[in-house]
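**Student:** If you're matching them up, the sequences are chains A and B in order. Heads up: the first sequence is residues 55 to 166, going by this note's numbering. Heads up: the second sequence is residues 167 to 279, going by this note's numbering.
Mixed in with the good hints there might be a few duds.
Claimed, not checked - Only part of the chain A face toward chain B is listed, based on derived beta-carbon distances under 8 Å:
(1) 82
(2) 83
(3) 85
(4) 88
(5) 91
(6) 98
(7) 100
(8) 101
(9) 108
(10) 147
(11) 149
(12) 159
Honestly, the hints are just simulated from the structure, not real lab data. Every residue, glycine too, gets a C-beta built ideally from N, C-alpha and C.
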Amino acid sequence: KQEVTQIPAALSVPEGENLVLNCSFTDSAIYNLQWFRQDPGKGLTSLLLIQSSQREQTSGRLNASLDKSSGRSTLYIAASQPGDSATYLCAVTDNYGQNFVFGPGTRLSVLP
Amino acid sequence: DAEITQSPRHKITETGRQVTLACHQTWNHNNMFWYRQDLGHGLRLIHYSYGVQDTNKGEVSDGYSVSRSNTEDLPLTLESAASSQTSVYFCAQDRDRVRNEQFFGPGTRLTVL
Chain A
55 KQEVTQIPAA LSVPEGENLV LNCSFTDSAI YNLQWFRQDP GKGLTSLLLI
105 QSSQREQTSG RLNASLDKSS GRSTLYIAAS QPGDSATYLC AVTDNYGQNF
155 VFGPGTRLSV LP
Chain B
167 DAEITQSPRH KITETGRQVT LACHQTWNHN NMFWYRQDLG HGLRLIHYSY
217 GVQDTNKGEV SDGYSVSRSN TEDLPLTLES AASSQTSVYF CAQDRDRVRN
267 EQFFGPGTRL TVL
């Protein structure tokens, strides 16, 4: 059974720092990996999706990498801002593109 | 603009009552999903559908049912609500059959007393 973990569970950084969030999964037979952002009391917003054949994706200050063989993905946030404060979740799908499994999330606080 | 809407946004009900949560999407795409989100458990898949008349069980389907009579709607029914079903419920869809990128609705907070 696929299991997804995220480290750290919470992170607090001063504004302007570059930071890395980690996501690990136990079964490397995935179809894709997706990173989401969730603000308190809100739904999930898709940030980046990496297909299994890709190594990384970039959107603005965000860069996500994928190492399928080691079961790891990282989300890099450059020059963090207070508006980046949220919970960040990763999710993987199995090789058939079904059965999304989510990690527990990393709660990020960026202090002004 | 294409979107996913959920209703109601908040619901309080009593144990044993039947409750239906609505999910409507305007993307006219086949794949739709229901999740629940709980502290300590994260997001877990309840049911999903790949098209009209197609429904499938997810990880935590006991006590829940869905029906798909058209492309736009996937209502989630709690046949006899239990306090353990107090949660936040999210509907999602993926809009690209190749990439399977999921997009979420705003959620429904359900409290079962």
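**Student:** So, for every hint listed, does it hold in this structure?
**Tutor:** Here is how each hint holds up against the structure:
1. 82: Cβ of residue 82 of chain A sits 17 Å from chain B, so the hint is violated.
2. 83: violated, 15 Å
3. 85: Since chain B brings a Cβ to about 6 Å from residue 85 of chain A, closer than 8 Å, the hint holds.
4. 88: Where the cut-off is 8 Å and the nearest Cβ of chain B is about 6 Å from residue 88 of chain A, the hint holds.
5. 91: violated, 11 Å
6. 98: Check passed: Cβ of residue 98 of chain A comes within 4 Å of chain B, closer than 8 Å.
7. 100: holds, 6 Å
8. 101: violated, 10 Å
9. 108: Since chain B brings no Cβ nearer than about 10 Å to residue 108 of chain A, farther than 8 Å, the hint is violated.
10. 147: holds, 6 Å
11. 149: Violated: closest Cβ of chain B sits about 11 Å from residue 149 of chain A, beyond 8 Å.
12. 159: The hint holds - residue 159 of chain A has a Cβ within 8 Å of chain B, the shortest such distance being about 7 Å.
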